[in-house]
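Quick mapping for you: the protein sequence lines, in order, are chains A and B. For the first sequence, the numbering used here assigns the number 1 to the initial residue and increments by one for each residue that follows. For the second sequence, the numbering used here assigns the number 517 to the initial residue and increments by one for each residue that follows.
Some clues are possibly wrong.
[Claimed, not checked] FRET-style restraints, in silico, Cβ to Cβ:
(1) A/Asp398 - B/Ala1000: 45 to 51 Å
(2) B/Ser1026 - A/Pro186: 49 to 55 Å
(3) A/Arg506 - B/Ile962: 48 to 54 Å
(4) B/Ile962 - A/Leu57: 54 to 60 Å
(5) A/Lys329 - B/Val883: 32 to 38 Å
(6) B/Ile962 - A/Lys31: 45 to 51 Å
[What the hints assert, rightly or not] From chain A, some residues computed to sit far from chain B (all C-beta separations above 10 Å):
(7) Pro141
(8) Glu249
(9) Phe422
FYI, nobody ran anything at the bench for these hints, they're computed from the structure. Idealized CB from N, CA, C, for every residue including glycine.
Protein chains: 2
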Amino acid sequence: MKASLDFEEESFFQGNTAILTAAIRKEEMIKSIKESPLYSIVNPRSIAFFGASNNFLRMGSIMLSSVQELGYEGKIYPVHQKEKQVRGLTAYRSIMDLPEVPDLAVIVLPTAIVCRTLEECGKKGIRHAIIVSGGFREAGPEGAALQKEMEAVARQYGIRFLGPNCLGIANPYIKLNPTTLTAEGPPGFVGLASQSGSFITQMFDYLHRNGMGFSAALSVGNEASIDIVDCLEYLGVCPNTKVITLYIEGITRGEAFVRAAKNIIRRKPIVALYVGGSEAGKHAGRSHTGSLSGPNEIYDGVFRQCGIIRAQSLTEMFDYALALGTLPKPKGNRVIIQTHSGGPGATAADACGRAGLRLPPLSAQTVEKLQPMIPRTASTANPLDLTYSLNSAESFFDIPDLLLGDPNADMLLAYFLSPGIFVDRILREMGVSEEEIPKTRNKMLIDHAEAFRSLVKRHPDKPIVGFTYRSLQEGMVRYLLDRAIPIYQDPERAARAMAAVLQYHRVRESIATSDV
Amino acid sequence: MKASLDFEEESFFQGNTAILTAAIRKEEMIKSIKESPLYSIVNPRSIAFFGASNNFLRMGSIMLSSVQELGYEGKIYPVHQKEKQVRGLTAYRSIMDLPEVPDLAVIVLPTAIVCRTLEECGKKGIRHAIIVSGGFREAGPEGAALQKEMEAVARQYGIRFLGPNCLGIANPYIKLNPTTLTAEGPPGFVGLASQSGSFITQMFDYLHRNGMGFSAALSVGNEASIDIVDCLEYLGVCPNTKVITLYIEGITRGEAFVRAAKNIIRRKPIVALYVGGSEAGKHAGRSHTGSLSGPNEIYDGVFRQCGIIRAQSLTEMFDYALALGTLPKPKGNRVIIQTHSGGPGATAADACGRAGLRLPPLSAQTVEKLQPMIPRTASTANPLDLTYSLNSAESFFDIPDLLLGDPNADMLLAYFLSPGIFVDRILREMGVSEEEIPKTRNKMLIDHAEAFRSLVKRHPDKPIVGFTYRSLQEGMVRYLLDRAIPIYQDPERAARAMAAVLQYHRVRESIATSDV
């Protein structure tokens, strides 16, 4: 990286922080998750809930209902001026009436009474809060003044909080989802720190469909007390988080961000989507959270300097996360492609080429060993195009096993055409009854999938990736996705994700050696 | 376009055709579909089928089974040396025994007997064939000699054929699918000419899931008699085809290709995926069909010269096709984004910006009219961020209707968060029974979807596009996709598809004016 670019970045961020009059904090990185101001917010044993009522159409009620729906096992104390019970839980007229000091307050109240409520929380002894309510800095000068007041209250009582104008957090590992939508799918390894609340509540289903789940998702809102750097540090030490994803509209504490990211990158990858770089994205971000953005080039430089992988879309960010969270470190960029169809093989080859991956020829020994298993029409170039399977069990184990054993191969990219659709037809032709077909087919698919999956352990240092044009929710592909084999909807996405894994390990090594 | 590039392209193609000793034909474009050598191949009234038997595991049997499965209504004559019946159809020992001269022969036989069979077809009077069998030019010098023999037979009898080494065609409009996989989903408007057979048989389900279907899909294989230019010309005059998609590994008749494409582009858009440009893609293509590819830059130049839109992946090609086949011509590049979530709005804004689309401010009149319909927290910038819906009926009709009526708007991009998931929770809270919930929810979703859809007729000159991160198969989104409203899985894909529509109309105008 050139010195001049470093200089530009620094001055950009200093100007930015000066505008926002937020001092650059110089404290050391946190060493354990419990040191984070987010610890009690993401892992509370008890929650005071402000703004939930028995009218479901209130945002607070919806959020409390999500918490109940997922089955959070901690204590919940709804605070309500009139109701004795809220959603079946004993309600308290005042925070002062609670039998204990809860770990966390969730505040979903009208703007005007938020500061007063936070003060009452402070008096009760609460030190952590999520302030969902909007109408603060993002709403203009009056709101900004209210936010200053809130910050003063928090300082007075030593309260650290997420928000205002945020959706808080989701921590599927303790079945805690105080967001607006139902959590779907099991917990996973993707940590998200987001300057948009939507992405922590609207992506459960997306991640599950694509083979992932959140370890923890954090929405920062206006970042009055806890900002995206704090979230980054939290996820950096969060044991459930294998990959950190960041949705960024603009970073305020640039220097601290770079320091934290550089530190974390030695242990786990970070992928960022930054939308403030285009004129259109900048305006959208400003009216959304009031954040200050900078030109794409600056952010590109910052990300590069820290070793953060930049994604251009949410799809790409999570595509990269899937590969980074499931694949071992590859030894190099040489990919062998296994296909039984020429077109998908050629598109995969082209995608690999454009992503900077190389397609080595198969070694002579591999070709020799393959011969008895492949049809006469097959091509033993790379892609290995089987044209069709002589024996489907071999194409899911013996053949990819040989390819992975090839000294020329660093990674395997395999095409999946959901053999189930074909098996059904064969079984039907054989006269198997319609009720028996799914059982027989599923048994076969699971056998094949388990054989394929066993390759991961047999070749622990060679990433195995799949692609398909069929639905990811079908038979074998879904089965493998659920067991940490990354399979993508398009070879382009697979190849770019594989390249992201290479990029991460290269950057990690260069950071480890260059900058101790 | 610079003269030097034109020159390079011409010499590249001339060299290429010289190598392949295929003369550049100078005849005129076809004017009607019946003039195409493909007409009887894509629209046969009767088919002689070689290679199907009562053993389902033979490729010919599978292909005949696909034909029967989709319900082709023409006559099918299986030819088989031993069987009296094949798959329930009367079989004929020899082609000579058929009671009529069928429009088409489909040949799925071992390489060695293909030429002889073609000759018998010629003697019978058959003038059109699909030769599925492989083992010809793609298999080396011996195969190439066999292919020459086949070409000589065809010339002798005046037979035009697709292949060899192809999967033939699919024409869902006459329920004809002689390919290896089951056809799924209704017919559509996407014409595909492909140098890979896989893509004509493996994409039915993909297209349906994404809101499309084939009008006709043509696999050219080794292009011994009918090549991709013939297919392009056919699709150019095919009335069911609104958009032409091309999967290209290498073009032989460059000059004819350019002429045909330039001509067609005045009437309908062409999108091409070319995979022979990267080193990896080139090798994959060569071993697949033996085609000769050229550098990316040459193909970029050729595509640009013809007005063909180049896609980088199959996903992108069909994304563009969806928009091009459903959207009217936009007046300009100004997009208004409607969202109820800040993050998705900002990612959409950023994606539009990067795709070369502009985000105009809403006009003062629009903002004034919106005020009574939107929450206090809403942003009336562009994206219009409702934050939440005061009235969901308004957000699917009145609000987008106002946005589309704004003189600053050329197009609308709307975020969909499958309101069904939320409605279910509300109904459950209201005590509606689990059996009643889907009925009530679906009625509401259909009402909203129909209201939204009616905007297309109310604003016939303004493209309306959606995006979502939820599954395209859910409630309202699926309903709209089935009714020609393009909705994409990511705003990036939506924005790029909208830009492709603009690109097409710009190119069409410039071709219409510059080159008569």
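Outcome of the hint check:
For the hinted restraint 45 to 51 Å between A/Asp398 and B/Ala1000, the CB-CB distance of approximately 47 Å keeps it satisfied. Look at B/Ser1026 against A/Pro186: about 53 Å separates their beta carbons, and that is inside 49 to 55 Å. Taken as a hint, the range 48 to 54 Å holds for the pair A/Arg506 and B/Ile962, whose Cβ atoms sit roughly 52 Å apart. The given range of 54 to 60 Å is broken by B/Ile962 and A/Leu57, whose C-beta atoms sit roughly 22 Å from each other.
Taking 32 to 38 Å as the suggested C-beta distance range, the pair A/Lys329 and B/Val883 does not conform, at roughly 53 Å. Between B/Ile962 and A/Lys31 the Cβ separation comes to about 56 Å, which falls outside the hinted range of 45 to 51 Å. Listed as outside the interface, A/Pro141 is consistent with that label: its C-beta sits roughly 16 Å from the nearest C-beta of chain B, beyond the 10 Å cut-off. At the 10 Å boundary, the C-beta of A/Glu249 falls inside the reach of chain B, the nearest C-beta of that chain being 6 Å off.
Residue-level check failed: A/Phe422 sits 7 Å from the nearest beta carbon of chain B, not beyond 10 Å.
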